[in-house]
Structure formats: structure tokens, C-alpha cells
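Novice: First to last, the sequence lines map onto chains A and B.
For what it's worth, my numbering labels the leading residue of the first sequence as 47, then goes sequentially.
For what it's worth, my numbering labels the leading residue of the second sequence as 6, then goes sequentially.
Please keep in mind that the hints were generated in silico from the structure rather than gathered at the bench.
Treat the hints loosely; a few may be bogus.
Only some residues are given here: those of chain B computed to face chain A with a beta carbon under 7 Å [stated by the list, open to error]:
1. 16
2. 30
3. 32
4. 33
5. 55
6. 65
7. 71
8. 79
9. 82
10. 91
11. 92
12. 94
Cβ coordinates follow ideal geometry from the N, Cα and C atoms, glycine included.
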Amino acid sequence: MIEGIYKCELETDVFPLLNHAKMAKVNDRVIDGMKNFYHNKPTTNNFSRINKHNNYRSRIKRLYDKLEGIRPIDNTISDVMFLNDEMISGFVIRQNIANIKQTWIEYRLMYNVLNLSKIPSKIQNKKIDFTTKDSYVLKNFDTLFDKLCSQFNIDLPEINKTRMIKPKELNNLEKEKAEFQKEKADFLKEMQKSKEELALRFNRLEILTNKLKEKYGNVID
Amino acid sequence: MNRMGSKKILTLVDEETNINEYELLSAFAIDKFNSKYIIYTKNEHDENNNTIIYAGKIKMINNKEFLTNIDSDVEWTEIKRVMREMAKYSDDLESSELDD
Numbered sequence: 047m048i049e050g051i052y053k054c055e056l057e058t059d060v061f062p063l064l065n066h067a068k069m070a071k072v073n074d075r076v077i078d079g080m081k082n083f084y085h086n087k088p089t090t091n092n093f094s095r096i097n098k099h100n101n102y103r104s105r106i107k108r109l110y111d112k113l114e115g116i117r118p119i120d121n122t123i124s125d126v127m128f129l130n131d132e133m134i135s136g137f138v139i140r141q142n143i144a145n146i147k148q149t150w151i152e153y154r155l156m157y158n159v160l161n162l163s164k165i166p167s168k169i170q171n172k173k174i175d176f177t178t179k180d181s182y183v184l185k186n187f188d189t190l191f192d193k194l195c196s197q198f199n200i201d202l203p204e205i206n207k208t209r210m211i212k213p214k215e216l217n218n219l220e221k222e223k224a225e226f227q228k229e230k231a232d233f234l235k236e237m238q239k240s241k242e243e244l245a246l247r248f249n250r251l252e253i254l255t256n257k258l259k260e261k262y263g264n265v266i267d
Numbered sequence: 006m007n008r009m010g011s012k013k014i015l016t017l018v019d020e021e022t023n024i025n026e027y028e029l030l031s032a033f034a035i036d037k038f039n040s041k042y043i044i045y046t047k048n049e050h051d052e053n054n055n056t057i058i059y060a061g062k063i064k065m066i067n068n069k070e071f072l073t074n075i076d077s078d079v080e081w082t083e084i085k086r087v088m089r090e091m092a093k094y095s096d097d098l099e100s101s102e103l104d105d
């Protein structure tokens with residue numbers, strides 16, 4: 047659509063010609079465009095928004111076909127940015143081809159798209175097991191460690207020292223535990239003894255009190 | 006309409022009653038001038054392989070349509086501009102879009 051210009055269908059194909067017509071010389075592009083405009087032929091340069099995407103793709107494809115024999119300056123793809131569904135690639139061009147800058151841009155876009163298809167599409171994610179498992183090593187550390195030391199004749203004095211300390215400390219702990227138990231038993235014994243004595247005294251006191259009550263109870267009354 | 010394949014043929018009768026057939030390239034109306042125009046060709050080429058085209062204005066005289074010359078320079082300038090715009094509808098990749 048050209049602003050202010052509307053295609054019109056002719057009611058007749060025969061016209062009387064008055065005077066002469068205006069003459070001009072145009073290239074094939076203009077001829078082509080005029081025919082397309084008049085016949086409403088869908089073209090790759092149709093500015094309709096609906097066809098915009100397809101027009102670009104078909105234009106790129108034809109451009110690529112035409113430039114098949116020409117290689118870009120470098121064959122590497124670098125500085126590729128993905129913006130939504132588009133790819134933009136950075137590149138450097140020489141001054142002498144600045145006049146076909148657009149061609150190079152589009153060629154490289156096409157080149158990148160073609161190379162992208164070679165990248166493997168999916169990498170399967172391994173299922174990650176988050177459950178905790180007992181460590182065999184930790185469980186059997188001492189055995190394994192001994193085995194390792196004896197197998198390779200490894201002498202680790204510091205570790206051995208630590209390992210010596212551990213049973214010693216364990217022994218002490220056992221001793222203390224035993225002593226504690228003994229003390230506890232003694233204490234409980236003492237407690238029981240005291241309890242019994244106390245009970246005895248209480249009994250005696252009760253008896254005395256009752257006797258006194260008997261003796262002097264009548265007097266008070 | 007007389008068509009030869011995808012071509013539309015226009016028959017023009019000049020003042021000497023000579024009948025000539027041309028290929029119709031385009032027909033359009035320009036709002037600004039409230040007029041209709043036709044562009045046609047006999048597919049003749051010059052030494053540079055450019056195609057010679059003709060542009061005429063449709064005029065109603067006594068309820069009949071005539072094709073007349075474009076006398077106004079303003080109109081002719083506008084028609085040339087329209088033709089350049091139409092070039093963008095070309096399938097040819099060497100379009101003006103690449104000549105930024």
C-alpha cells in the first residue's frame with residue numbers, strides 16, 4: 047500500500063488516445079513492482095505486517111542462494127546474542143564492502159541459523175537422588191584405615207597418637223562411670239538408712255505423744 | 006479484460022485511428038489529484054536495457070473514458086515518485102532496501 051495511491055480496475059481495455067502519452071525509461075525492478083502492485087501478487091517485499099516474517103525468510107533464503115560461493119570474512123561465530131526469537135551476531139566488515147553491508151548481515155544471520163541446527167538439541171538431565179545414604183567409608187573408617195596403613199606400610203605418628211588416646215580416654219570414661227555408679231549406690235544406701243532411722247524415731251515420738259495425751263488429757267479437760 | 010497469460014493487454018486508438026496494443030503495467034488513482042492514471046508499455050528497450058513505458062491520465066468526456074497526456078509537471082513528478090515506490094514491490098532482491 048502506498049499512501050494516497052489506490053489501485054483501480056479498468057472498466058474497459060480500449061481507450062481512445064488524445065495527444066501523446068508521457069514517456070519514461072525504467073528498469074526491470076520498476077516494471078516488476080508495478081505489475082505486482084497492480085495484480086496484488088504476494089511478493090517478498092510486501093509490506094503487509096502479516097507477511098513480514100515470511101517475506102524476510104524467503105528473501106534471506108534467496109540472498110543466501112545467490113551468495114553461495116562467497117564466504118564471510120571469518121568463519122567463526124562470535125558475540126551471538128539471543129534476543130527473544132532473533133539472533134544478532136557481531137561482525138567486522140572491511141570498508142570496501144560497506145556498500146553491501148546489509149548483504150553481509152543477512153548472510154551471517156543465515157549462516158548462524160544453519161550452524162545452530164548442528165548443536166545437539168537436548169541434553170537429558172540425570173535424575174538427582176537427594177536421599178541421604180549411609181557412607182560405607184565413615185561407618186568402617188577404622189577398619190579401612192588400618193587396612194590402608196598396613197597395606198602400604200604407612201606410619202602416621204600423629205594419627206597413631208590420636209588413635210592411642212581414644213581408647214585411653216574411653217577406659218577413663220568407663221572407670222568414671224563405674225565410680226559414679228558406686229557412689230550412687232552408696233548414696234542410695236545412706237538415704238535408705240536415714241529413712242529407716244527417721245521412721246523409727248517418728249514411731250517412738252508417736253507412742254510418747256499418745257502416752258502423754260493419756261496421762262494429761264483428763265487434767266486439761 | 007483482454008489477457009495474454011498474466012499480462013493485461015490495452016488497446017489504444019490514436020487520433021489517426023491507428024490501433025496499437027500495449028501491455029498494461031499498472032492503473033491507479035491518486036487522491037491528491039482526484040484522477041486515475043495508466044502506465045503501459047510496448048516492451049521496447051533502450052541500449053541500457055531499460056524499458057520504455059508510457060503514462061496517461063484517464064479523462065471522462067461525454068461519459069466516455071479517454072486517455073490523455075499528463076500536462077502538469079506536479080502530476081508527472083508525483084507519478085514518477087509512485088513508480089519508484091512501486092519498485093519496492095519487486096521480487097528482485099537488488100531493491101532499494103539494500104541501498105541504505
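Novice: Hint by hint, note whether the structure agrees.
Specialist: A quick look at each hint next to the structure:
| no. | hint | result |
| --- | --- | --- |
| 1 | 16 | 5 Å, holds |
| 2 | 30 | 4 Å, holds |
| 3 | 32 | 5 Å, holds |
| 4 | 33 | 5 Å, holds |
| 5 | 55 | 4 Å, holds |
| 6 | 65 | 11 Å, violated |
| 7 | 71 | 5 Å, holds |
| 8 | 79 | 13 Å, violated |
| 9 | 82 | 11 Å, violated |
| 10 | 91 | 4 Å, holds |
| 11 | 92 | 4 Å, holds |
| 12 | 94 | 4 Å, holds |
When each numbered hint is compared with the structure, violations occur for hints 6, 8 and 9.
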